[in-house]
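*Asks:* These protein sequences, in sequence, are chains X and E.
Per our numbering, the first sequence starts with residue 686, numbered consecutively.
Per our numbering, the second sequence starts with residue 22, numbered consecutively.
Hints were generated in silico from the structure; no laboratory data involved.
Treat the numbers as computed from the prediction; the structure is a model and nothing was measured.
Take these hints with a grain of salt, some might be off.
Below, simulated EDC-like cross-link-like pairs (lysine to aspartate or glutamate); rule was C-alpha separation at most 16 Å, straight line [claimed, not checked]:
(1) X:Lys789 x X:Asp716
(2) X:Lys779 x E:Glu105
(3) X:Lys789 x X:Glu700
(4) E:Lys40 x E:Asp106
(5) X:Lys688 x E:Glu65
(6) E:Lys122 x X:Asp716
(7) X:Lys779 x E:Glu79
(8) E:Lys59 x E:Glu105
(9) X:Lys779 x E:Asp106
(10) X:Lys754 x X:Glu699
(11) E:Lys61 x E:Glu105
(12) E:Lys122 x X:Glu730
(13) E:Lys59 x E:Asp106
(14) E:Lys39 x E:Glu88
(15) X:Lys688 x X:Asp716
(16) X:Lys779 x X:Glu699
(17) E:Lys61 x E:Glu121
(18) E:Lys43 x E:Glu88
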Amino acid sequence: DAKTTQPNSMESNEEEPVHLPCNHSTISGTDYIHWYRQLPSQGPEYVIHGLTSNVNNRMASLAIAEDRKSSTLILHRATLRDAAVYYCILRTYKYIFGTGTRLKVLA
Amino acid sequence: DTEVTQTPKHLVMGMTNKKSLKCEQHMGHRAMYWYKQKAKKPPELMFVYSYEKLSINESVPSRFSPECPNSSLLNLHLHALQPEDSALYLCASSRSPGGEKLFFGSGTQLSVL
Chain X
686 DAKTTQPNSM
696 ESNEEEPVHL
706 PCNHSTISGT
716 DYIHWYRQLP
726 SQGPEYVIHG
736 LTSNVNNRMA
746 SLAIAEDRKS
756 STLILHRATL
766 RDAAVYYCIL
776 RTYKYIFGTG
786 TRLKVLA
Chain E
22 DTEVTQTPKH
32 LVMGMTNKKS
42 LKCEQHMGHR
52 AMYWYKQKAK
62 KPPELMFVYS
72 YEKLSINESV
82 PSRFSPECPN
92 SSLLNLHLHA
102 LQPEDSALYL
112 CASSRSPGGE
122 KLFFGSGTQL
132 SVL
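Assemble the whole structure, with the sequences as input and the hints as a guide.
*Replies:* Written out as structure tokens, the structure reads:
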């Protein structure tokens, strides 16, 4: 199964942008890059996904490297509600979660 | 309705008990998933159902028995569990197998005594 590598934890100040990195050097051409986040006491929720091009939605932006071996989830203005574990996943015919990054947002 | 509903939210069972976890979605999704999550760890895939048929079993012990009675329902039958099986059990669904988005329920927190 294709693997992703993320930092264990990151901190950000409230109202500032956050860049969450993910390495996926074994990605294949058909693997989609997905991001989910898990708030305390909840199931994971979808954030964003992409294949080759950068993507934007109301929650975040996804920047994908040209060689697709890494990607970055961008939260444009972190709020206290964004404190969660963020998972970067390579979607094949199944979803395998990596270890995730625990994001702490400081007031 | 974009919800995946899991019941019960909490379950305590002894090692000799038989219990079932239930998951329901009414989004017309044709793929459903069971994940197991230990504290401070990522979710681990257990089973995938595709069009009501079991398509993936990630070498899960037979004391866990999944069932998909129809396209909206997914059950996980539990029998003779061990204390190390205590975890959060998450159900998810997607429009199709390997579909664009997974929708997760809030999970069942299971404690095995």
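*Asks:* All hints, please: hold or fail.
*Replies:* Now the hints, each set against the structure:
1. Pair hint X:Lys789 plus X:Asp716 does not hold up; C-alpha atoms about 29 Å apart against a cutoff of 16 Å.
2. The suggested pairing of X:Lys779 with E:Glu105 is violated, with an alpha-carbon distance near 25 Å, which exceeds 16 Å.
3. At most 16 Å may separate the alpha-carbon atoms for a hinted pair to count; X:Lys789 and X:Glu700 meet this at roughly 13 Å.
4. This hinted pair checks out: E:Lys40 and E:Asp106 have alpha carbons roughly 13 Å apart, not beyond 16 Å.
5. The straight-line distance between the Cα atoms of X:Lys688 and E:Glu65 is roughly 13 Å, inside the 16 Å bound, and the hint therefore holds.
6. This hinted pair checks out: E:Lys122 and X:Asp716 have alpha carbons roughly 14 Å apart, not beyond 16 Å.
7. A threshold of 16 Å between alpha carbons decides the hint, and for X:Lys779 with E:Glu79 the separation of about 11 Å falls inside it, so the pair holds.
8. The hinted pair formed by E:Lys59 and E:Glu105 meets the criterion: a straight-line CA distance of about 9 Å does not exceed 16 Å.
9. For the hint linking X:Lys779 to E:Asp106, the alpha-carbon distance of about 22 Å lies beyond 16 Å, and the restraint is violated.
10. The suggested pairing of X:Lys754 with X:Glu699 is violated, with an alpha-carbon distance near 29 Å, which exceeds 16 Å.
11. Between the alpha carbons of E:Lys61 and E:Glu105 the distance comes to roughly 15 Å, so the proposed pair stays at or under 16 Å and holds.
12. The suggested pairing of E:Lys122 with X:Glu730 holds, with an alpha-carbon distance near 9 Å, which does not exceed 16 Å.
13. For the given pair, E:Lys59 sits about 9 Å from E:Asp106 by alpha-carbon distance, which is consistent with the 16 Å threshold.
14. The straight-line distance between the Cα atoms of E:Lys39 and E:Glu88 is roughly 15 Å, inside the 16 Å bound, and the hint therefore holds.
15. Taking the CA atoms of X:Lys688 and X:Asp716, the gap is near 11 Å; set against the 16 Å cutoff, the hint holds.
16. The suggested pairing of X:Lys779 with X:Glu699 is violated, with an alpha-carbon distance near 34 Å, which exceeds 16 Å.
17. This hinted pair does not check out: E:Lys61 and E:Glu121 have alpha carbons roughly 26 Å apart, beyond 16 Å.
18. Distance hint between E:Lys43 and E:Glu88 is fulfilled; the C-alpha atoms sit about 10 Å from each other, no more than 16 Å.
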